[in-house]
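Using the sequences provided together with the hints, build the complete structure.
Number of protein chains: 2
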Amino acid sequence: MRYRTTVKWMAGLAAVAVWLACMPAAAQTAGERVERWGIYETSLRGPDAENSFAEVQLSAEFRSKDRVVKVDGFYDGEGAYRIRFMPDAEGEWTYVTRSNAKQLDGESGRFTCVPASGGNHGPVRVRNTFHFAYADGTPYFPFGTTCYAWVHQGDELEERTLETLRTAGFNKMRMTVFPKDYTYNRNEPLYHPFARDAAGKPDLGRFNPEFFRHFEKRVAQLGELGIEADLILFHPYDRWGYARMDEASDFRYLRYLVARLAAYRNVWWSAANEYDLMQKPEDLWDRYLKFIEEHDPYGRLRSIHNGRRIYDHSKPWITHVSIQHPDTLQTMDWRERFGKPVVNDECQYEGNIPNDWGNLTAQELVHRVWNGVIEGGYVGHGETYLHPKDVLWWSKGGVLHGESYKRMAFLRKLVEETGEEITPTPRTWLWRSNASGVQGERRWTYYGGRQPAKAKIAGLADNKPYRVDIIDAWEMTVKTLSDVFRGEAEIALPGKPFTAVRLRPAD
Amino acid sequence: MRYRTTVKWMAGLAAVAVWLACMPAAAQTAGERVERWGIYETSLRGPDAENSFAEVQLSAEFRSKDRVVKVDGFYDGEGAYRIRFMPDAEGEWTYVTRSNAKQLDGESGRFTCVPASGGNHGPVRVRNTFHFAYADGTPYFPFGTTCYAWVHQGDELEERTLETLRTAGFNKMRMTVFPKDYTYNRNEPLYHPFARDAAGKPDLGRFNPEFFRHFEKRVAQLGELGIEADLILFHPYDRWGYARMDEASDFRYLRYLVARLAAYRNVWWSAANEYDLMQKPEDLWDRYLKFIEEHDPYGRLRSIHNGRRIYDHSKPWITHVSIQHPDTLQTMDWRERFGKPVVNDECQYEGNIPNDWGNLTAQELVHRVWNGVIEGGYVGHGETYLHPKDVLWWSKGGVLHGESYKRMAFLRKLVEETGEEITPTPRTWLWRSNASGVQGERRWTYYGGRQPAKAKIAGLADNKPYRVDIIDAWEMTVKTLSDVFRGEAEIALPGKPFTAVRLRPAD
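Residue numbers (the numbering used here), protein chains in the order written: chain V, 1 to 507; chain Y, 1 to 507.
One should not assume that every hint holds.
Copies of the same chain look alike in the list, so a pair counts if it fits in one copy or across any two.
What the hints assert, rightly or not - Below 25 Å or equal to it, Euclidean Cα-Cα: the simulated DSS-like pairs (lysine-lysine) are: (1) 496 <-> 389; (2) 406 <-> 496; (3) 389 <-> 454; (4) 456 <-> 389; (5) 280 <-> 406; (6) 280 <-> 201; (7) 456 <-> 479; (8) 290 <-> 102; (9) 65 <-> 290; (10) 464 <-> 496; (11) 280 <-> 413; (12) 479 <-> 65; (13) 290 <-> 479.
If you are wondering where the hints come from, they were derived from the structure by calculation, not from laboratory data.
Since the model is a prediction, treat every value here as computed from it, not as a measurement.
Dropping the structure here:
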């Protein structure tokens, strides 16, 4: 038995996603059309037993021209099985299912993949070693934030979070799959990922489809807002046992998650938050990441986030460096060491809590973000202001109280309007005093906690004419000097901190 | 022939030093008294020839009880030879001279070393591995500044510099022996260290006593102000050839300098500024430092200051780490690596010049100084504000225009009033977020660019009662909480940057 659902996932069309989230598998007629990088979904009826999660295997081979893509299906409870697929090429696609359950085996179907709609640039991929781009070639510059457990807070707060994200200026969200147990995070989640007995003990052999439907809805809603969902698969902050499952359960969970979520084009896989603070051997992380690489037919981005010990990001199953480190002037070292894009997801957060990773001034965080970006990497945001009801953005979402996010949005605008990737200028001393980057023919210097009254303009050796923008990274102003500069030149600067200079070709 | 001069070098008695500087060898009667760590000087008449500097050797053995100290004498021009000696023990001292010039050989004399006068604590020595103390046991916490070429600016400016130093709060000065040729430093010095021919070409075989008498006067004047003179023996910023002398001339210069200056109890030897930017092989620096160690009878402090390459300060002839590095939170790494006191003499300077080592905001420099000090090291000051006549403090002295020096004086006062050495608390992550140190039973945390609204007080496990001081490192205020704290406790903090907390035993 088969039900097919074409998920047209379009930016700004929230109603679609809400409908998707409710997910009653709507029967549709043949000749369906799915946009490129959208989701084709088919539903089938199959065995409805306690052990269906563990016993029933389901997959499908999707074919178009000379391409064959094998994807896993998943059991969604109450006898419903689904297969989700993201077509990455326009044209006709057909598929046939394979299953050890007779009802689910040998089902076939077809659909037409049509051009992507306006806001759909496809999934993000690594480009030019140290940077990212959408599949359609549009550059993607990550300006992310973190709300670890925002999907576990209930609809009211979760919808407020989405409303905040609509205008906050972020295009990536770090978020955990599992709920979180930690300071300021003692509330019980609405949904648990596994079925639970009367005493609340999880049955690791049975997933809770309600949990995942809710989770997928939120991932899709982020997608509508143009926000990549950097999904954290494991984390140590736990009181329910999810951080200490046996290996077999971990792998089952990963396979189920990949089967359900890999088709969402905004999904990234982050194996863990602070992986080294968990009670798992180092090589197990390698195996998890390899397993994901093997089972995700789309090759979504894969990373792992450190606590005290930095992972060897040069390992081949890692697509980009996800790092926790307060010193963003080390960005170019990490680029050189790992040869991959550097995303410093946690250079500590703006806030005022006692924990020393969560009480930066807004100025200090903005400073770190600029340093990392102009050094050719990307730096994430987080906010941890004390709140009477413990609603801290970093973990629960809600509204933003700080000042740094506005400056990050300003920097994102500056970077996106030039549209080119930043390569740091080489270091000639043991240390780096200013962040300075070259981006195509545009050049950047960020002075940070410095106040030069004047500066030599470097890098004009090509003797072409340049426009000079004097940027105030805190006041969020750009003043373009009226003169056009060539060759060696000296310019006056405002002599205050947060100054940056950008050069643009004048012709 | 012999003339003896007893130099009583007493703090605040400027007239004495001026008289010393004029240095006409005054004949005195026997039974002289010299205070402990003061200077006994004797003058002798000897050969007055072109080659006297090179040919005449002079030394003396000073004896007291079972001690024998051999010191070099030096030729001071016009037939005058001098021997300077700093007695480090009270009682009767006698001496006999040795020379290859008959006139100077076999002269003898005696004096009585009496207790040190009030402000005289003796020379500074390393104590407790990572710290310093005066010879009388008084702790010495270096809060230094840099005016590289201040002694080459002429009396008017040099006296203004001394006037500034009288109240600025510094107790160490980094200064070059040779004049300096560099940006903002193109003026010709008044004195050159060598005799020069009509064309201005230096004769490296003949010193210029006038130069050294002037230099010594300034060193003595710093001593009167309680300021250690960290003498930089070589530096690369030169147009006269002093940076590129042959080895033999370098060694002759070092021996002459040590003979003239080692007796001044406030002298420290810094082999070079940015040694690795000079055209000298690495092993030559080792040999210079060993040579100084061998010829300086008092074992004055010896260091060497890096440019791009950090010297191996674990070498035995190095007494303390002199480092140039902007990241003062690495202080504890250098302590561990070298096992010696860390003096970060150049974490870059407050100012607004284009050079990236010279345009920190005052806030940024103050921040770096606090971080380094609370991490168990010491951090130097420098100031480089553009000036219409290129009188920048960092090189020429004059007056201070900035804001950081006042905060350094404030921190010095705080550290001196506790009187105990700071040991950094161990690092538990890859990085250090706050500087935090333990000093005897007093404990410090410096929050820098952080704004916690509250903090847990750590380190009260001894369950003794503590007073808590809330310090504003920028506003220079100390607020002592009225409560007395024991065991685990949480305190409210002002939630603004530049906050520090100090705990003091309440009983």
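Reference check for the pair residue 464 and residue 496, CA-CA at most 25 Å: within, between, both, or neither? Classified as neither; 29 Å inside a copy, 46 Å across copies.
I want to check one pair: residue 496 and residue 389. Are their C-alpha atoms no more than 25 Å apart within a copy, between two copies, both, or neither? This pair counts as between: shortest inter-copy Cα distance 22 Å, intra-copy 38 Å.
Are the CA atoms of residue 280 and residue 413 at most 25 Å apart within a copy, between copies, both, or neither? neither (41 Å within a copy, 50 Å between copies)
Checking an output row: residue 290 and residue 102, CA cutoff 25 Å. Within, between, both or neither? Neither. Shortest intra-copy (31 Å) and inter-copy (88 Å) distances fail the 25 Å Cα cut-off.
Taking 25 Å as the upper bound on the Cα-Cα distance, should residue 280 and residue 201 be classified as within, between, both, or neither? within (22 Å within a copy, 73 Å between copies)
Alpha-carbon proximity between residue 280 and residue 406, which holds within one copy, between copies, both or neither at 25 Å: neither (38 Å within a copy, 52 Å between copies)
Is it within, between, both or neither when you check residue 456 against residue 389 at 25 Å Cα-Cα? For residue 456 and residue 389, only the inter-copy Cα distance (20 Å) is at most 25 Å; the intra-copy one is 51 Å.
State whether the alpha carbon distance between residue 389 and residue 454 is at most 25 Å within one copy, between copies, both, or neither. Answer is between: at 17 Å across copies they meet the 25 Å cutoff, but 48 Å inside does not.
Residue 290 and residue 479: within-copy, between-copy, both or neither at 25 Å Cα: Classified as neither; 49 Å inside a copy, 56 Å across copies.
With identical chains, the pair residue 456 and residue 479 could be close in the same copy or across copies; at 25 Å between alpha carbons, which is it: within, between, both, or neither? within (17 Å within a copy, 44 Å between copies)
Up to 25 Å between alpha-carbons, please classify residue 406 paired with residue 496: within, between, both or neither. Answer is both: 20 Å inside a copy and 20 Å across each meet the 25 Å cutoff.
Have a look at residue 479 and residue 65 and pick one of within, between, both or neither, based on CA distance no larger than 25 Å. neither (53 Å within a copy, 76 Å between copies)
Checked against the numbered hints listed earlier, the structure breaks hints 5, 8, 9, 10, 11, 12, 13; every other hint is satisfied.
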